[in-house]
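One letter stands for each residue in the lines below.
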Amino acid sequence: MLVRLLVRRQFIACRRARQLHSLREPKEDPRWPGYEVVIGIETHAQLKSRHKLFSHALTSGPKEDSNTNVSVFDAAFPGTLPKLNPKCVDLALRTSLALNCEIQRRSSFDRKHYFYSDLPAGYQITQQYAPLAKNGTLDVHLPDSSTPVSVRIKQLQLEQDTAKSTFSPRTLTSNIDLNRAGTGLMEIVTFPDLRSPEEAGAYVRTLQALLRAVGSSDGNMEEGSLRCDVNVSVNRIGEPFGTRCEIKNLNSVKFMMAAIVHEIRRHLDILATHSSVSQETLGFDENTFETFKLRSKEDAPDYRYMPDPNLGTLVLSEERISSVQSTLPELPMQTRQRLLSSYGLSEKNVDVLMKLDSSKDVPVDGDNSATPGPIQFFDELCQGGKRNPKIAFNWMAHELLGQLTARKQSFQNNTITVQQLSELIDLVQDKQITGTSAKYLLRHMLSNPSSESTREIAEEQQLMSFASTEPPTNDGTAFPDSGYPPSGSPSTSSIPPTTTVESAIGLDVLVGRALAAMPKEVEALKAGHKGVMNKFVGWVMRESRGRADARLVKEEIERMLRKDLD
Amino acid sequence: MRGNTTASLRRLLSSPSSHCTRCYSTRQTVIEQNAKINAFVHINPEPDHSVSRAGALSGLKVAVKDNIATTDSPTTCSSSILKTFVSPFEATVVQKLREDGADIVGKTNCDEFGMGSLNIYSIHGPTVNPFPLTPNAGPSAEFEQRSAGGSSGGSAAAVAMGLCDAALGTDTGGSIRLPASYCGVVGFKPSYGLVSRWGVVSYADSLDCVGVLGTDVAAVKRVFDRISSFDAKDPTSTVLEIRKAASDYAKQRLQSFNQSNPLNGLKIGIPQEFFPTELSNAVLNRFRTTLRTLKSHGAQLIPVTLPSSSYALSAYYVLASAEASSNMARYDGIQYGERKTPSLQTDLRSVSSVYSQSRSAHFGPEVQRRILLGTYALTADAFDNYFLQAQRVRQLVKDDFDAVFSIPNVRGDTKVKVDETELDNSSYGVDILLHPSAIGSAPALSSGTLSNSSLDAYVQDLLTVPASLAGLPALNVPCPAAVDMVAGDDGWPIGCSIIGQWGSDELVLGVGKAMSFL
Chain A
1 MLVRLLVRRQ
11 FIACRRARQL
21 HSLREPKEDP
31 RWPGYEVVIG
41 IETHAQLKSR
51 HKLFSHALTS
61 GPKEDSNTNV
71 SVFDAAFPGT
81 LPKLNPKCVD
91 LALRTSLALN
101 CEIQRRSSFD
111 RKHYFYSDLP
121 AGYQITQQYA
131 PLAKNGTLDV
141 HLPDSSTPVS
151 VRIKQLQLEQ
161 DTAKSTFSPR
171 TLTSNIDLNR
181 AGTGLMEIVT
191 FPDLRSPEEA
201 GAYVRTLQAL
211 LRAVGSSDGN
221 MEEGSLRCDV
231 NVSVNRIGEP
241 FGTRCEIKNL
251 NSVKFMMAAI
261 VHEIRRHLDI
271 LATHSSVSQE
281 TLGFDENTFE
291 TFKLRSKEDA
301 PDYRYMPDPN
311 LGTLVLSEER
321 ISSVQSTLPE
331 LPMQTRQRLL
341 SSYGLSEKNV
351 DVLMKLDSSK
361 DVPVDGDNSA
371 TPGPIQFFDE
381 LCQGGKRNPK
391 IAFNWMAHEL
401 LGQLTARKQS
411 FQNNTITVQQ
421 LSELIDLVQD
431 KQITGTSAKY
441 LLRHMLSNPS
451 SESTREIAEE
461 QQLMSFASTE
471 PPTNDGTAFP
481 DSGYPPSGSP
491 STSSIPPTTT
501 VESAIGLDVL
511 VGRALAAMPK
521 EVEALKAGHK
531 GVMNKFVGWV
541 MRESRGRADA
551 RLVKEEIERM
561 LRKDLD
Chain B
1001 MRGNTTASLR
1011 RLLSSPSSHC
1021 TRCYSTRQTV
1031 IEQNAKINAF
1041 VHINPEPDHS
1051 VSRAGALSGL
1061 KVAVKDNIAT
1071 TDSPTTCSSS
1081 ILKTFVSPFE
1091 ATVVQKLRED
1101 GADIVGKTNC
1111 DEFGMGSLNI
1121 YSIHGPTVNP
1131 FPLTPNAGPS
1141 AEFEQRSAGG
1151 SSGGSAAAVA
1161 MGLCDAALGT
1171 DTGGSIRLPA
1181 SYCGVVGFKP
1191 SYGLVSRWGV
1201 VSYADSLDCV
1211 GVLGTDVAAV
1221 KRVFDRISSF
1231 DAKDPTSTVL
1241 EIRKAASDYA
1251 KQRLQSFNQS
1261 NPLNGLKIGI
1271 PQEFFPTELS
1281 NAVLNRFRTT
1291 LRTLKSHGAQ
1301 LIPVTLPSSS
1311 YALSAYYVLA
1321 SAEASSNMAR
1331 YDGIQYGERK
1341 TPSLQTDLRS
1351 VSSVYSQSRS
1361 AHFGPEVQRR
1371 ILLGTYALTA
1381 DAFDNYFLQA
1391 QRVRQLVKDD
1401 FDAVFSIPNV
1411 RGDTKVKVDE
1421 TELDNSSYGV
1431 DILLHPSAIG
1441 SAPALSSGTL
1451 SNSSLDAYVQ
1461 DLLTVPASLA
1471 GLPALNVPCP
1481 AAVDMVAGDD
1491 GWPIGCSIIG
1501 QWGSDELVLG
1511 VGKAMSFL
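Those protein sequences? They're chains A and B, same order as listed. At the far end of the first sequence sits residue 566, using the numbering used here, and the numbering has no gaps. At the far end of the second sequence sits residue 1518, using the numbering used here, and the numbering has no gaps.
Read the hints as simulated data drawn from the structure, not as lab findings. Here a beta-carbon is modelled for each residue, glycine too, at the ideal position from N, C-alpha and C. One should not assume that every hint holds.
Among chain B residues calculated to face chain A with C-beta under 7 Å, some are [to be verified]:
id : residue
1  : V1200
2  : V1201
3  : E1323
4  : L1348
Start from the sequences and build out the full structure, keeping to the hints where you can.
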């Protein structure tokens, strides 16, 4: 009884402690039964702004020559002063609003001091004490769960990126590239709300998609525009959180999850011997997939934070916040819901569009007026409710994208305008061209980009369909009766150019020829062998190079045979 | 040569509006005269008069303190670490001077990075106070080597010696007013935020002000009017509407003055905390004489109290040193500046062990002292007790000033508009404050106590730091020599300082001008 009481008391104490930290109930994980893993993540996302955070120098891509985009301020020359780039503030505001944060009407900048070759001024300007935004949330959907995990965001702050310093152990020299020095960063800090490496991975991917959607960062981990520091602790279920260790500078989701797993195992090993984990800062070795100690808590540097005396208080007006709010692009979750509900697309198709859209280039300074992304393209295809969204999706995602992929191109290389594809779909829907012709036309248009309308191109290419009732305009003697390669699927083989004469031939002429060419089959058909019909259709299709509508061909044959019988 | 110079100087000083360009018109004479006082550390070649620009400052000879960036001469800040440094860009103030046609004579000596009150911490050697060489010293004055004051000692000495019409200086805690007082010239620290700091090498950003030294208030005002303007490159530069709001108050007060006797009815506050025990009798006596003269011209003398001023010096040294430790962090010998090749035993993988060698070798003793003090004040353990506490004191000092001035502080959070009734309501406040600029006259350079006992040197700033902490305009004008010299008065220059509300720079200069005609 006493034991139970003690356990119970301990449990209540833990519950109380837990309530302070987390809103989540512990969940058993078969990989580490009896233990709970607690993870918090600090993400550094490079702002996709044209200019740096405090100087007029341009931001740099990874391929630029070193030390080309550097101002006197970035190199910390004496007499230089920072000048806050309002575009960076707006991008950070967008992100904060998208993360449901409380925007701080007044925030300020601090200097964080340390001596290192990647920091020319000897300090980094950051927002340690009064960040731009606080207390947000990000809903993270996991594949094996219907309800999302709500991750609380502690704060979002603006800060400077450092220079890139590469140390050569052979020559014992450091190479310093100041291109990155002073680029704007958002530091996004979560509360310790994540409970597994998978959740951590899903959080980073969700955040990545959100940053890209609002246009604040391209979130490219390979290129270093998104980096994560992860705090991991392990405790026995029911007990307070364990001692956390921080793994620094993880630059891929895969490495991050591997680092967390390794760190969990390391903690479990220590806890199994009934000793305690000591607070450390660690690095991750991408070759061995292991974490290694950088420094212990005792060696933690004193950054001597000081309010920056030049930048003062950043005061945000209500108007500015609401103007950013009103121009906030649609967030990934909203887009998803909208595609599902207003177009009736399947989850799978929505996934295709979302994935396609996430690979679009993020424009600088959040300027969304540039070229439309895939989802905007799709929205415009479906505009006005004229086109069936599912058909539009097929044309865009299967035909257009398929052709682009075959050409080893991505959607960004697409030269076909929304109007052109819309018209193409309409022409098919209105039976003015056949599906087969349309596929050929699409390929032709990709090879020969033009601003002409689809109809004009189709007419030039003589791909307009035969009209079944159209009277013959000549006797058809000029029609070449052979010389066409037997074509399989028209969309994968090339079609030689046509002459003007043949386009004038009506469907009835072609059908007449087909009947004349296959007298035996005509007899069979008359005898009721319906299967022969396909032979005629195939013949007409081949001769017309796909321009004929199979149903119309069938109708025409039946009409002619009836006439014959009559 | 000497006789001629003295004679022309005498002629010059007899008329306050004249300029010294007539006497030292050539660079050669500047070079010769400068050798006696070490005011200039770099002298520019004679400008090409055929291409000299017409402008508001056309022909005016201006010296520039060596912590202000120029592209045509080194900007050493009197530091070994920048002894060969030439800035790739020009300070906004220098650009403005050039655009207005001023002749930039050269760069002037100062304490290293502006840290010092006596201009003795300079890689170029100390600036010598030129007072004995000037006619004011009288024929019997022997050439005694005294400090020109600091940190803008070179600028003050160059003006006093007549080597230029005006000089730019910087003032963080008194660095213009103190040397102006010691050298007997006019020195003006404008309101914080009026003059651009782009290109001015930071010592303590929240306190640093660019200001002007000159032989008379007119010369100072002429330069100040040109360099006081909004600069987008300086985030602390005050925007136009706030400048205008403040200057409207000052103008309104100036217009209410009796034009024939501007001092009549002027409300002068005398802050009681500005008369500490360290104040010499000579200063006190001359200041009293000045007050008597002012009173006889109808000025109203009002004793006021600024209770927090007693803590101002301590707060100043914590804040200035903290900011200095931060601003000095960039001098590591990597991107620019002097670098000491690491010794063979150095662990090259450790950045700090490489940096520390350059920093130890090339920072002077006072800079090192303030870096250490400031670094300590910013450590996690000391931050609350030192830095935050000093910031609180700074706010109290500001509040004290706001409480005594009749003109409101337009930089407050609430938007203030010029309002006739408001001015009437605050008629109990004072227009300006007046206090001695320094606790004594210029200390001797030979005195061993100067360099050994740094704390004594810090006391030099006792009276000037409150205005710096509050960012207020402050003008040093020389006190006229007393008719009845008291014991202890060595006859060397002593100045008094006029402090005005933030942005009332025109009022301060106006009062200064009126006082110089007494």
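Residue hint B/V1200, partner chain A, criterion CB-CB below 7 Å | holds, 6 Å
Can B/E1323 be said to touch chain A, with a Cβ gap under 7 Å?
-> Hint holds; B/E1323 Cβ to chain A Cβ min 6 Å, cut 7 Å.
Under 7 Å, Cβ to Cβ, is where B/V1201 needs to be relative to chain A, so tell me if that hint holds or is violated.
-> At 4 Å from the nearest chain A Cβ, B/V1201 passes the 7 Å test, so the hint holds.
Taking 7 Å as the limit, does the beta-carbon of B/L1348 come near enough to a beta-carbon in chain A?
-> OK, holds: B/L1348 within 7 Å of chain A, min 4 Å.
Hint check: no violations occur; every hint is consistent with the structure.
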